[in-house]
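Student: Heads up: the sequence lines are chains A and B, in that order.
First residue of the first sequence: 0, per numbering that gives the first Met the number 0; consecutive thereafter.
First residue of the second sequence: 0, per numbering that gives the first Met the number 0; consecutive thereafter.
Don't read these hints as lab results, they were simulated from the structure.
Nothing here was measured: the structure is a model prediction, and the numbers come from that model.
Using N, Cα and C, we set each Cβ at its ideal position, and we do this for glycine too.
Zero decoy hints are in this set.
The calculated SDA-like cross-link candidates involving lysine to any residue, where the alpha carbons are at most 25 Å apart (straight line), are:
no.: 1; chain 1: A; residue 1: LYS141; chain 2: B; residue 2: PRO111
no.: 2; chain 1: B; residue 1: LYS79; chain 2: A; residue 2: ARG206
no.: 3; chain 1: B; residue 1: LYS79; chain 2: B; residue 2: GLY112
no.: 4; chain 1: A; residue 1: LYS141; chain 2: B; residue 2: ALA108
no.: 5; chain 1: A; residue 1: LYS141; chain 2: B; residue 2: PRO110
no.: 6; chain 1: A; residue 1: LYS141; chain 2: B; residue 2: ASP132
no.: 7; chain 1: A; residue 1: LYS141; chain 2: B; residue 2: GLU115
no.: 8; chain 1: B; residue 1: LYS79; chain 2: A; residue 2: LEU212
no.: 9; chain 1: B; residue 1: LYS229; chain 2: B; residue 2: PHE25
no.: 10; chain 1: B; residue 1: LYS79; chain 2: A; residue 2: PRO221
no.: 11; chain 1: A; residue 1: LYS141; chain 2: B; residue 2: ALA131
no.: 12; chain 1: B; residue 1: LYS79; chain 2: A; residue 2: GLU205
no.: 13; chain 1: A; residue 1: LYS141; chain 2: B; residue 2: GLU116
no.: 14; chain 1: A; residue 1: LYS141; chain 2: B; residue 2: GLU113
no.: 15; chain 1: A; residue 1: LYS141; chain 2: B; residue 2: ARG109
no.: 16; chain 1: B; residue 1: LYS79; chain 2: A; residue 2: SER217
no.: 17; chain 1: B; residue 1: LYS79; chain 2: A; residue 2: HIS208
no.: 18; chain 1: A; residue 1: LYS141; chain 2: B; residue 2: ALA107
no.: 19; chain 1: B; residue 1: LYS79; chain 2: B; residue 2: ASP162
no.: 20; chain 1: B; residue 1: LYS79; chain 2: A; residue 2: ALA219
no.: 21; chain 1: A; residue 1: LYS141; chain 2: A; residue 2: SER13
no.: 22; chain 1: B; residue 1: LYS79; chain 2: B; residue 2: ILE179
no.: 23; chain 1: B; residue 1: LYS79; chain 2: A; residue 2: GLY218
no.: 24; chain 1: B; residue 1: LYS79; chain 2: A; residue 2: ARG209
no.: 25; chain 1: B; residue 1: LYS79; chain 2: A; residue 2: GLY215
no.: 26; chain 1: A; residue 1: LYS141; chain 2: B; residue 2: GLY112
no.: 27; chain 1: B; residue 1: LYS79; chain 2: A; residue 2: TYR216
no.: 28; chain 1: B; residue 1: LYS79; chain 2: A; residue 2: LEU223
no.: 29; chain 1: A; residue 1: LYS141; chain 2: B; residue 2: ARG133
Facing chain B, from chain A, some residues (calculated, C-beta under 8 Å):
no.: 30; residue: GLY153
no.: 31; residue: LEU154
no.: 32; residue: ARG206
no.: 33; residue: VAL207
no.: 34; residue: ARG209
no.: 35; residue: ARG214
no.: 36; residue: LEU223
Beta-carbon label-pair distances, calculated as ranges:
no.: 37; chain 1: B; residue 1: GLU128; chain 2: A; residue 2: ARG199; range: 29 to 37 Å
no.: 38; chain 1: B; residue 1: PRO202; chain 2: A; residue 2: LEU162; range: 38 to 46 Å
no.: 39; chain 1: B; residue 1: ARG183; chain 2: A; residue 2: SER155; range: 28 to 36 Å
no.: 40; chain 1: A; residue 1: ALA54; chain 2: B; residue 2: ARG183; range: 49 to 57 Å
Listed below are the residues making up each chain.
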Amino acid sequence: MSFHHLDRWADVPSPVTRLAPTARLLGTVAVALGSALLPVGAWVQMAALLLLVLAFAAAARIPVSAFAARLAGPLFFVLLASCAVLVLAPGQPLWVVGPLHVTDTGLVRFASVVGRATPALGAAVVLVSTLRFPELLEALRKLRLPSPVTAALGLSYRLLYTLADEIERLRRAARSRNAGHGAAGRRHRTMGIAAAALTRSFARSERVHRAMLARGYSGALPTLRAQPLDARSVVALCGVGAVVLVVVSSAYL
Amino acid sequence: MGALIEVSGLGYRYPDGAEGVRNVGFAVRAGERVAVLGPNGSGKSTLLLHLNGLLLPTRGEVRVADLPVSEETAPAVRRKVGFVFQEPDDQLFLPTVLEDVAFGPLNAARPPGEAEERARAELRELGLEDQADRAAHHLSGGERRLASLATVLVSDPEILVLDEPTAALDARARRRVVDILRGRTETLLVATHDLEVAAALCPRALVLDAGSLVADLPTAELLGDPNLLKRYGLTAPLG
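Looking at chain B on its own, in the form it has when it is part of the complex (with noise of 0.2 Å):
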């Protein structure tokens, strides 16, 4: 089976001059389940903000399915690839939490009818039916969490990106977003920083340190050797 995402060479330079990437090159088949991790600054978030064509590559390439992301396919990739971002307060923007969640599909020229019977279906999915009509300052941290997740799980995307899906939640609620996402059939790109997490979802993971990849194995293999973990500045889950 070809590749669904496909990075080569890929660099980028912020506008201040900082390198976020420098030559990661690495490929993922449909359906594979990849944790990014490695410590704060490495460039985690920005080598999956390339994934969506948010951030477009300085140098090398990104391709996701078949299609090379540039300005010109940024919307079409954007239909594949949903993208959770860390803060669910810049994810969740409007009004009610029922509105953020038919954002997507209103977008993709859905009726209005048919855009909110989707999200009222996504939203009960989750558990967050009898939130729909609030507004997102008014939920939990786990419930905000839930509701960034419904924004992009309504749009029925083939990759499902997501940034520390699992930060500043407590264990019950950090428990529930494990156990939807290992339900869940799409590609999965998880960065994060919890080892129980990305062991809990992926089975590979990829290991950037600086802005370059420098590892690319399977989980369990990272997770039970404290040299490899102690070598790319990760460190083993507690007990």
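Extracted from the complex, chain A is given alone in its bound form (with noise of 0.2 Å):
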């Protein structure tokens, strides 16, 4: 199995992994929510958020090169998303590249995407960084996201590990047999993978289904975790939330 621990600053004793999670999840919303109202150019602000993420990401120990490159990946995504607007947006033209153009008013909207983008997003990476999965479920039941949905992630989370494992073995066997040459080979090969592991998981999700019957399993997954909000939390959240409250607002004063 090749996949890192998303939760690997979960066991570092710091003051971030001492929260209650539920206030750790709902810091993470204000500070996402906080970040998306931010008004294009309110640079500031923007830096103002990331700083308060980067706060909490040392205070969590995340070292900074791991604390970037687990930022990069989403991030790298939202830079994608967002790149047309430098062209689209009307504006004048600051660049011309091939028969599209580069205008001032895109280049502004674009880095304010990614302005608003890098804390929201850094936000998560503290998040999942520090929380264990199970822990973070129980945090989203305790905010009344519907059973269906929690239970869904759960499993899906374990069985994650088990599907992955799964399509190695078959690339394994593919490559044992010097499947797929060439480019049209591999995407043959790749997609012929895909469709074994999908019918196998749909087998697999009804043996899951049964193991979950056969212990009395009735359309509800039961908990073992009580997470109380403890003062600490509590204190630290509504700080959370007073600092974003005050960035958004100096936004638009």
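Given two chains presented individually in distinct reference frames, assemble the corresponding complex, making use of the accompanying hints.
Tutor: Here's what the structure looks like:
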């Protein structure tokens, strides 16, 4: 199994890991919402939210390089998805790229998207790096996310590893028989493996459901973990909420 | 003493039309240990799934502790019958081993504190206490097998039904599973290809072939008679 643990810093004692998972989840949502509410060009406020997130990452003892590496993946997709705004927004042309013109308005909007996405994604990186997945699920349950959704998330998380192992086994079996020469062959092989993995997953889901029924499952996944929202967590959450509120308000004053 | 499990005229046809078992009948007394033997596709797993109400008969009847197994009685039957599946990855579906082991007691409406205590005690008994907070995919094959056993033993079932409990285990892990099962007092039904395991655990054997029960006899008699083994498509252990 080649997956890195998402929650690598969950066991590191830190002011962040001492907070209740529900508070951490709500804090992340607050930063994400605050970032989304910032107007175009609110650079100072974007930097302030990013600093807040970096402070939490440092408090959680996540190394800068690891934080940056984890942030880079999702940020790349944001960059990719928003680069069209560079040429679509009307404004003064700054550069010409073939038939396309990068405009000043487009550049500001693009930078604003990145500026808003960075603290939001950074907060999510801190959350998943310091919180075990079962705790995250429990926090979602406490926030009244419907039980079928949290159950599906929990099972997906567990079976993701089994599925990844299965795909790796199929790939090895295909490679051992020299399957798929050339680009077309590789494409064909990959599609075959994906189809086989999907079929096997379907059969596995039937078996897992039987195993759940055999142990008394009746539609709801009961849980062991009770996570009280202690005073320290409430104070920290209120603090984050207040900072986000001040930062966002200042952008509109 | 009356039978704890009674199967009479059991037939099951899968939705695709394939006949899983046909006209199977036998009874098992409380405390008895029975091996269910037969080649691949003989209907062993299909038969066992009926004992837990996971499949319901197309024909005939299955009774467990005097309860006829049906959709209505399935929850009560499942509290009496602990089922260990062939593939531990199917049985361990929650993010941590502890949660998986506590799943049964929690579903039986035990308070979370008690469920956790029982789960930890069961894991301790099987030597898995250090694995409680780990994810199942981080365990070795043998540990996974023991953890899946723990998920069932924790609920104190009257009957243990195991589908290939030693499949894909190395010699040491296989021995450990057999030793644990030998020390249990529950009524035991074990489907296996491993005749050594069958002989070590079960004095009685049911032999299935093509969905039919073709023999019900002492395991030692079966293993000691090459002609019987050959007739039922089984192979004596090496050496």
